[in-house]
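Chemist: Now for the letters of each chain:
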Amino acid sequence: MAVEGSTRQENVVDNATRSGSVIDHSKVRVNVAQAARLDRSSRLPVLVGFTLAIIWLLEGTLLGDIASFKFDFPDFLGSQEYLTFGRVRPAHLNAMIYGWASSAMFAVSLWMMPRLCRTELRWPGIALGGIIVWNIGVYIGIILLLAGVTDGLEWLEMDNRMADPLLVIGAAMVGASIWRTLAARNVHHLYVSVWYVAASYPWLAIIFIAGNLPIFQGVESAAINWFYGHNALGLWLTTINLGLIYYLLPKIVGRPIYSYWLSLIGFWGLALFYSLNGMHHLIGGPMPSWMIATSITASILMVIPVVAVGINQHMTIAGRFGALRYSPALTFLVLAAMAYTAVSLQGILTALVNVNRVTHFTHWTIAHSHLGVYMFVTMSLFGGIYYILPRLIGREWPSANMIRAHFLLVGLGMVIYVVTLGGGGVMQGLRMLDPTLPFQASVEAAKPWLLTRSFAAVLISIGHVIFAAHALMLVMRGRSSVPEDPPFFFVRPVLVRNG
Amino acid sequence: MTRAIILFLGAMATLLFALIILIILPNAMLSKVKAPPGLKPYTQEELLGRQVYIRNGCVYCHSQQVRDPTFTTDVARGWGSRPSVPADYVYDKPHLLGTMRTGPDLINVGVRLPDAQWHLLHLYQPRALVPWSIMPPYPFLFEHKETATPDETVLTIPEAFGPKSGVVVVTDEAKALVAYLLALKRDYPVNAQAPVQPEGETGEGEGANK
Chain X
1 MAVEGSTRQE
11 NVVDNATRSG
21 SVIDHSKVRV
31 NVAQAARLDR
41 SSRLPVLVGF
51 TLAIIWLLEG
61 TLLGDIASFK
71 FDFPDFLGSQ
81 EYLTFGRVRP
91 AHLNAMIYGW
101 ASSAMFAVSL
111 WMMPRLCRTE
121 LRWPGIALGG
131 IIVWNIGVYI
141 GIILLLAGVT
151 DGLEWLEMDN
161 RMADPLLVIG
171 AAMVGASIWR
181 TLAARNVHHL
191 YVSVWYVAAS
201 YPWLAIIFIA
211 GNLPIFQGVE
221 SAAINWFYGH
231 NALGLWLTTI
241 NLGLIYYLLP
251 KIVGRPIYSY
261 WLSLIGFWGL
271 ALFYSLNGMH
281 HLIGGPMPSW
291 MIATSITASI
301 LMVIPVVAVG
311 INQHMTIAGR
321 FGALRYSPAL
331 TFLVLAAMAY
341 TAVSLQGILT
351 ALVNVNRVTH
361 FTHWTIAHSH
371 LGVYMFVTMS
381 LFGGIYYILP
391 RLIGREWPSA
401 NMIRAHFLLV
411 GLGMVIYVVT
421 LGGGGVMQGL
431 RMLDPTLPFQ
441 ASVEAAKPWL
451 LTRSFAAVLI
461 SIGHVIFAAH
471 ALMLVMRGRS
481 SVPEDPPFFF
491 VRPVLVRNG
Chain Y
1 MTRAIILFLG
11 AMATLLFALI
21 ILIILPNAML
31 SKVKAPPGLK
41 PYTQEELLGR
51 QVYIRNGCVY
61 CHSQQVRDPT
71 FTTDVARGWG
81 SRPSVPADYV
91 YDKPHLLGTM
101 RTGPDLINVG
111 VRLPDAQWHL
121 LHLYQPRALV
131 PWSIMPPYPF
141 LFEHKETATP
151 DETVLTIPEA
161 FGPKSGVVVV
171 TDEAKALVAY
181 LLALKRDYPV
191 NAQAPVQPEG
201 ETGEGEGANK
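Each protein sequence line maps, in turn, to chains X and Y.
With this note's numbering applied, the first sequence covers 1 to 499.
With this note's numbering applied, the second sequence covers 1 to 210.
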């Protein structure tokens, strides 16, 4: 089975290079058979994770489409209690965050860790069980949500008796496998992706448990709500995907990461500042002003890790953008990396009081969150799946055109989504801020852009159906058949050697 | 980095730092906030209405907070006579401050729109009262029947929006929701300057009451 060629992170080393050795790992060439053995060790949980994730992607997409069209046609499905906007919207969010993104993120972290630690995945059965338990929890949570059972806090809606314990147990099981593998590693140095992936699991556990503690009242409930909401993005969705990009970007272009020190600044800066950002969701609100000021300050300081990561990843690929032609995985990942910089800078901008007074409470926020959770997180996961899945199945993606269609539809759809809804949000906000105008003006100002958003949602949905169908074709295709198009993932062209 | 334990401890330390600053310290301060004299605890019916509000996700389009008038126009727009303070929310669990204003702010909706009949019809079909509204209708909070019994409340609906035959009666859930909306009144005066009792001023006797 073909395996990606020799790059620096890929080396499989023997016992002599175990921790404490002074051998320069970059000089050790890859052993293809051993790399394939590492992939085999994580194969089952990774495949199950991706499968469940893709099913969630379709379900979450449908929920999102229904929610979007309800803005344009408010009586659409209006008599259905289960499908009222206020239930479909959180169901969409939870399906995407906990169903799609988190399941896929379990899979990519379980796939990366053995390779990065150069040892087989430990406790793969526990990891697999964890993914399944988590998913059962998410299904229970979302079905209850549609039935009207909710904890009432954004991002934490799922019932904290029936659903949340399963999520905690599931994530802990996957995390145990991750950390057990890390403990058994055959490398001395921890690659930057390991920092991000390994740290994310205890972070998620702490914020999720803290967020669901039923002890907070009044504005403290708002504080823990947005402490969780922001960190779910910053210390879970962001970190796993930065780890993935840090791993695949240098591998595909065949170059080491530009700077170790920039990686360090990016990681610890994020850990320190991102975790303090949450209260910027409450600017102007009834919190002690020092809390909000703390979060605004930390938001501005986010420029340090964001720019460090941006420069580091840009310099890694600079001059080799031609590789995008050969690797769709790289195309998705580069777009995701750029979106991370963009969404973070937009977030800093939005945290400034002068901007926030206009954009807070408007659709600008929805556009911003989709730039983050879609253009960054989801695009990165698409890139990961395009890279990983053929290596686990042992076959190439059947159709280059389907990948192109997927990329163009979701890329174009998301650009329309973010630009038009973000702009519409500003117009909505400016009218709301003018007390001489009736509230009606802000609603009317947003209406056309809500319609373009629904149009974008349709494009994105078609892209998702193509992607899911393609993944199904990849799995169903007989082992004997040979792709008509020469595979461009296993083409090891061009660029893969750097001494 | 070469040691996993450093990674683990460092990651925990940064998060713990944030937890202390944003959650644990404020929690200690804010737990001393007392209800203003003008704020009544919710009644049983209002609490049920609050549950209906939560269950149907009103929070995704309606905020419940009047922002600081030094840089917003929430007060000028008539959404409140003063900015909201932590004491306004001591009975709220979970909070419903919200992050969207697809619809207007509701923290003083009981002051602004005190008519229960208006709210009931507006919930049944918002466009019967506000033609440009994009709010969803909530017909499932009402019951469509042939005839109403004497103890049921019949909703008066304009011809174009009602059912062809029979009557629409108001369920307990709808009544409770409207009771909750009408209870959203945060127009009593508070000392905005000192919403939190400063450290050290908690007299022993006073603290014991908590």
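Because the hints were derived from the structure by calculation, they are not lab data.
Possibly wrong hints are sitting among the right ones.
[Stated by the list, open to error] Non-contacting residues of chain X with respect to chain Y, defined by C-beta distances greater than 10 Å in every case (computed):
1) P90
2) E120
3) W123
4) I206
5) I304
6) H360
7) N401
8) F407
9) M476
[Unchecked claim] FRET-style restraints, in silico, Cβ to Cβ:
10) X/H189 to Y/T70: 44 to 54 Å
11) Y/F161 to X/P448: 17 to 27 Å
12) Y/E143 to X/D434: 15 to 25 Å
13) X/M476 to Y/P163: 22 to 32 Å
14) X/L62 to Y/V154: 32 to 42 Å
15) X/L62 to Y/L16: 32 to 42 Å
16) Y/I6 to X/I169: 51 to 61 Å
Just so it is clear, the structure is predicted and the values come from calculations on it, not from any experiment.
By construction, the Cβ of each residue, glycine as well, lies at the ideal position given by its N, Cα and C atoms.
Chemist: Give a verdict on every hint.
Modeler: Going through the hints against the structure:
1. P90: With a cut-off of 10 Å, X/P90 comes too close to chain Y, as the shortest Cβ separation is near 6 Å.
2. E120: Since the minimum Cβ distance to chain Y is about 17 Å, X/E120 lies beyond 10 Å and the statement holds.
3. W123: Check passes; 16 Å lies beyond 10 Å.
4. I206: violated, 6 Å
5. I304: holds, 14 Å
6. H360: violated, 8 Å
7. N401: Per Cβ check, X/N401 is outside 10 Å of chain Y; nearest 39 Å; holds.
8. F407: holds, 31 Å
9. M476: Check passes; 39 Å lies beyond 10 Å.
10. X/H189 to Y/T70: 44 to 54 Å: Given a distance of about 52 Å, which is inside 44 to 54 Å, the answer is holds.
11. Y/F161 to X/P448: 17 to 27 Å: Taking Cβ atoms as reference, Y/F161 and X/P448 lie about 26 Å apart, which means the hint holds.
12. Y/E143 to X/D434: 15 to 25 Å: With a Cβ separation near 42 Å, Y/E143 and X/D434 fall outside 15 to 25 Å, so the hint is violated.
13. X/M476 to Y/P163: 22 to 32 Å: Cβ of X/M476 to Cβ of Y/P163: about 50 Å, so the range 22 to 32 Å is violated.
14. X/L62 to Y/V154: 32 to 42 Å: Holds: the Cβ-Cβ distance is about 38 Å, inside 32 to 42 Å.
15. X/L62 to Y/L16: 32 to 42 Å: holds, 40 Å
16. Y/I6 to X/I169: 51 to 61 Å: violated, 28 Å
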